Amino acid sequence: MTYKQRIDGRGFDEPRKIEAKVGVIQRADGSAMFRIGNTWAYAAVYGPRNLHPKFLQDPQKGILRCNYNMMPFSSSGERVRPGGSRRSKEISLVTAKALLPVLNLDEYPNSVVDVFIELPQTEAGSRCAGICAASMALADAGLEMKDLVCAVSVGRVADKLLVDLDYSEESYPDVPVADIPIAIMPNSGKITLLQMDGEVKKEELMKVLEMGKKALMDIYEVQKKALKEKYHGVEV
Amino acid sequence: MSKIIVKDKEISVPGETLAIGMDTLPGAGTYREGERIVANRLGLVMIDGRTIKLIPLSGRYIPKTGDTIICKVIDVGFNGWRLDTNSAYSAMMSLKDATSEFIARGANLTQYYDLGDYIVCKIVNVTSQKLIDVSMKGPGLRKLKGGRVIEVDPNKVPRIIGKQGSMVIMIKDATKCSITVGQNGLIWIDGEPMNELLAIQTIRKIEKESHLSGLTDKIKEFLEKKK
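Here the protein sequences come in this chain order: A and B. The opening residue of the first sequence carries number 1 in our numbering; numbering runs sequentially from there. The opening residue of the second sequence carries number 1 in our numbering; numbering runs sequentially from there.
Each hint should be verified, as a subset may be incorrect.
No more than 16 Å apart at the CA atoms, straight line, and that leaves these computed lysine to aspartate or glutamate pairs for EDC-like [unchecked claim]: (1) A/230 - B/224; (2) B/64 - A/107; (3) A/228 - B/8; (4) A/225 - B/151; (5) B/172 - B/153; (6) B/176 - B/209; (7) B/72 - B/33; (8) A/89 - A/114; (9) B/9 - A/114; (10) B/208 - B/153; (11) B/64 - B/133; (12) A/146 - B/33; (13) A/230 - B/209; (14) A/230 - B/196; (15) A/228 - B/10; (16) A/190 - B/207.
Derived from the structure by calculation, the hints contain no laboratory data. These numbers come from a predicted model, not from an experiment.
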C-alpha cells in the first residue's frame, strides 16, 4: 500500500499553516503564541525569579522549568484529564532539554525561569508547537540566548516520507507510521530534540531530517518576524 | 573589510548575524562566533563606530551597583532588614547602613523600618552570587510615608524620567505630586488622590507609548487637557 497524496492536499515537505504572535499575555515577563494548523500553543515565561524550595537552587546558574499542559477538550479524541500526566511530564522534560542549549542563565544563580505552555487546541505536533512558542517567549522575556529554537515533526506514512504530520496521518490505519519530532537551532543547524515513535530505516531518517530543515527555516522566519513585529518602531 | 549586515536602530533577535568580519567588535548583548558577530538577546542594534551593541527592550530588573531603587521590607532580623527589590534577588540592609541615628544594642528594629514599609535606597554592592547590599546613607534616601507605589517595566524607567528628569518634572508640576522613580521599576507617588490618579494615568501612557517620537510634547498636551 502506498500513500499517494496527503489527506489535506499538502506537498510532502510542506508544513501546515503557521502563525505566530509575541506578547500575548500581559502579566508574563515574556509570552508568545504559535499556531501550526489546528495546533495552538501559548507560552508564558516568568522570571528569573526567586526559587523555592531552596534545595532546588543551583549556585552556579539559574534553572529552567517547563510545564506542558493540554487543556481538557483540546484534542479531537477523549477528554484529557486535567493536571499532570506521565505524558505531560515527559514532554515538559524534553521541552526544557530542547531549550536549555540556547539559554544562558549563568547571570542568574539560585534563581528559576518558569515556562508555562498551554495548548487550548491540538492536532498532532503539540510538543513542537510548544517548543516554538516557548523559545519566542524566552526571547521576549529578554533572556540571554545564543539562538532561537524551531521544532517540527517529520515522519513516514507507509512508504512516503513527510513533514509535519497531522492527526489523521499520525494515526493512519494499517500501515507503518513513524513520527519524529525534531528541534534545531536554526543558525548552527544543531539538533536539540530528536525523538521517535515508530520505525524508520537509517537512510530514511537522514533523508527525512533533511526534508524537515526547509520547514524549520520557514518556522524560523515566522518566529523572527513575530518577535520583530512586537517591537516594531521602538526607539531608545 | 568587514560588513555590517543590520541597520542602526533595528530590532534584532537572538542568533541573528549582525556583522561579518574581524574589524567590527562585539559589544553588550552580542558575541563573536568565528567571523560573525551574533545577537545574544532580543534588542535594539546600536552601531557605535566599530562596535555593535544591543540595547535590551524587555526583561526583569537586574540589580546594579549605584542604582537607586524602591524596596519593600520583607523581613526584620537581628542586624538588619531584608528587602524585596522587584528582581530575582532580595537585598540586605545592615544596621550601620540604615540610619545615621544611634541604634542601641537589642533595640526593636521595627520602629525604624517595619514589615511592608517602602524605602528608597541605593545599591552599594552586588556579588557574583547576587547578594545585594543597600544603604540609606545619601541624599534623597528615605522611608516612604503615605502615597502609593506602582510597578512599571524597568526598561521604560529612562523614558519616564526623561532627559535630565524632564518628563518626571513635568508630571510633578502638572499634578503637584511628589514622585520618586526607582531604577527597579517601582514608582512612588504622593499627592491629592485625584492628582495621584492622573499621575498614574500619565505614567501608564508613557509606558505604552514610550517608543513614539515627540513623546514629551504628547504628554504635555495630555496633561494640559486633563487639567
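Could you check the structure against the hints above and give me the numbers of any it violates, in ascending order?
Those not satisfied are hints 1, 4, 5, 6, 7, 9, 14 and 16.
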